[in-house]
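Q: Please model the complete structure; the sequences and the hints are all you need to start from.
For the sequence shown, position 51 matches number 51 in the working numbering, and the numbering has no gaps at all.
Among the hints, erroneous ones may be present.
[Stated by the list, open to error] Each computed SDA-like pair below joins lysine to any residue, with the alpha-carbon atoms no more than 25 angstroms apart:
1) K3 <-> T14
2) K3 <-> A54
3) K3 <-> V58
To be clear, the hints were calculated from the coordinates, so they are not data collected in a lab.
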Amino acid sequence: MVKAFLVTVRLIWTVLVVGAATLVGAVLGWEWHGWIGAIALGTVGFGLGALLAACPEVLLELLAEM
Numbered sequence: 001m002v003k004a005f006l007v008t009v010r011l012i013w014t015v016l017v018v019g020a021a022t023l024v025g026a027v028l029g030w031e032w033h034g035w036i037g038a039i040a041l042g043t044v045g046f047g048l049g050a051l052l053a054a055c056p057e058v059l060l061e062l063l064a065e066m
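A: What follows is the structure, encoded as C-alpha cells:
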C-alpha cells in the first residue's frame, strides 16, 4: 500500500515538474523568438524538467534558498 502511494506521488511529481518546465520554456520561447523559440526552449524546458523530476532534492534546495 505504501509502495503504491509513493509510486503515485512520484508520478504526479514528475508530470507536474516536467509539464511546468516545458510550458515555461515554450511560453518564453514563443514570446522572444516565435515558433522556433517555442520549440527550442520547450525542448530545453522538458530536459531540465526531467532532470529536476529525477532529483527533487535539487529543486527543493533551490526553492529553499530563494
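Q: Next, verify each hint and record whether it holds.
A: Quick rundown of the hints versus the structure:
Distance check on the hinted pair: K3 and T14 sit about 16 angstroms apart at the alpha-carbon level, within 25 angstroms; holds. A distance of roughly 18 angstroms separates the Cα atoms of K3 and A54; the hinted pair therefore holds under the 25 angstroms criterion. Distance restraint check for K3 and V58: the Cα-Cα separation of roughly 23 angstroms lies within the 25 angstroms cut-off, and the hinted pair is therefore satisfied.
Of the hints listed earlier, there is not a single one the structure fails to meet.
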